[in-house]
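**Student:** Working from the sequences, and respecting the hints, build out all of it.
Under our numbering, the first residue of the sequence shown is numbered 545, with each subsequent residue one higher.
Treat the hints with care, as some may be off.
Claimed, not checked - So the derived label-pair ranges between C-beta atoms look like this:
id : residue 1 : residue 2 : range
1  : D754      : A628      : 34 to 42 Å
2  : S554      : D644      : 15 to 23 Å
3  : P621      : A696      : 34 to 42 Å
4  : R575      : A696      : 23 to 31 Å
5  : H592      : H656      : 16 to 24 Å
6  : S718      : M739      : 30 to 38 Å
7  : A629      : T752      : 25 to 33 Å
8  : D706      : G648      : 35 to 43 Å
9  : T652      : A696      : 27 to 35 Å
10 : T658      : L746      : 19 to 27 Å
11 : R690      : G553      : 22 to 30 Å
12 : G553      : L746      : 15 to 23 Å
13 : H688      : Y747      : 15 to 23 Å
14 : P621      : E684      : 20 to 28 Å
To be clear, the hints were calculated from the coordinates, so they are not data collected in a lab. A virtual CB, placed ideally from N, CA and C, is assigned to each residue, including glycine.
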Amino acid sequence: MRIAVLGTGSVGQAVAARAAELGHQVTIGTRDVAATRAGAYAAWAAEHPGVGLATLTAAAADAELVVNATSGSGSLPALTAAGAANLAGKVLLDIANPLDFGAGFPPTLTVHNTDSLAERIQREFPQAKVVKSLNTMTAELMVHPRRLADGAHSVFVSGDDDEAKRIVTGLLVSFGHTDVIDLGDLSTARGTEMMLPLWLRLYGRLDTADFNIKVVR
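**Tutor:** Okay, structure coming up:
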C-alpha cells in the first residue's frame, strides 16, 4: 500500500520504518519539510532512505492509508492541514492519545468517558474511515510485538467500517501481532484511550515501556 504517516516523532518513525521494511511505499508527513530535514529527524532519515518526506497535504493526497501518529493535541490541526479531501474515503489509523501534560506528569486525558479523540476525528472528517488501534503500547511494541513474550499479548481495534478494520488488522498481523481484538464500533475507542492512565502508572512502577496487556479468555 501507499501509506502516509503523519508525525515525525518516535511513533511515526517506528510505524514508517516497519511498514517500509514490509514493502509498503511510505511517506512521512510534516508541517515544514525543510525544518524537519534540518533537525534531529535527519539522522533517522539517513538510516531509512526508503521512507519519503513531504508536507502533510502531499503525503495524505498520495496515500491509500493514512496513519495519525501525531500528539493528541496536534491531531486535529495536523489532519486539517492534510486536508479533508485527501482523507475522504481512506482508512485513517489513529494511534494518538488525548494526553494533557499541562499539570506535569502523569498527564490527564483531555477527553474521556462519553467521547474519545478518535470519535472527534471521525466527526471532523466524516468521509474518512477512522480505526483506533496501537495506542495502548509503546512504539517499538506496536511494530515489533514479538520482542515481548514472543508476541503473546493483545492489541485492539475500534471502528465503524468493517472493511477498514480488516485492512488495519491485516497490517497489525503483518507487524507480528497474533491477538487482535475487535472491540466494535468507534465508541469503544473510549475504553482503549482510557487505558492510558493505567499504562502510565505501570510505566512509572516498572521503569520500562516494554510491557503490554494480555487478555486471557
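**Student:** Does each hint fit the structure? Answer for all of them.
**Tutor:** Now for the hints, and whether the structure bears them out:
1. D754 <-> A628: 34 to 42 Å: holds, 37 Å
2. S554 <-> D644: 15 to 23 Å: 19 Å Cβ-Cβ, so the 15 to 23 Å window holds.
3. P621 <-> A696: 34 to 42 Å: holds, 38 Å
4. R575 <-> A696: 23 to 31 Å: For R575 and A696 the Cβ distance comes to about 39 Å; the hint is violated.
5. H592 <-> H656: 16 to 24 Å: violated, 35 Å
6. S718 <-> M739: 30 to 38 Å: violated, 24 Å
7. A629 <-> T752: 25 to 33 Å: violated, 42 Å
8. D706 <-> G648: 35 to 43 Å: holds, 41 Å
9. T652 <-> A696: 27 to 35 Å: Holds: the Cβ-Cβ distance is about 31 Å, inside 27 to 35 Å.
10. T658 <-> L746: 19 to 27 Å: Cβ of T658 to Cβ of L746: about 25 Å, so the range 19 to 27 Å holds.
11. R690 <-> G553: 22 to 30 Å: For R690 and G553 the Cβ distance comes to about 23 Å; the hint holds.
12. G553 <-> L746: 15 to 23 Å: holds, 21 Å
13. H688 <-> Y747: 15 to 23 Å: Holds, since H688 and Y747 (Cβ atoms, about 18 Å apart) stay within the stated range.
14. P621 <-> E684: 20 to 28 Å: Holds: the Cβ-Cβ distance is about 27 Å, inside 20 to 28 Å.
When held up to the earlier numbered hints, the structure conflicts with 4, 5, 6, 7 and fits the remainder.
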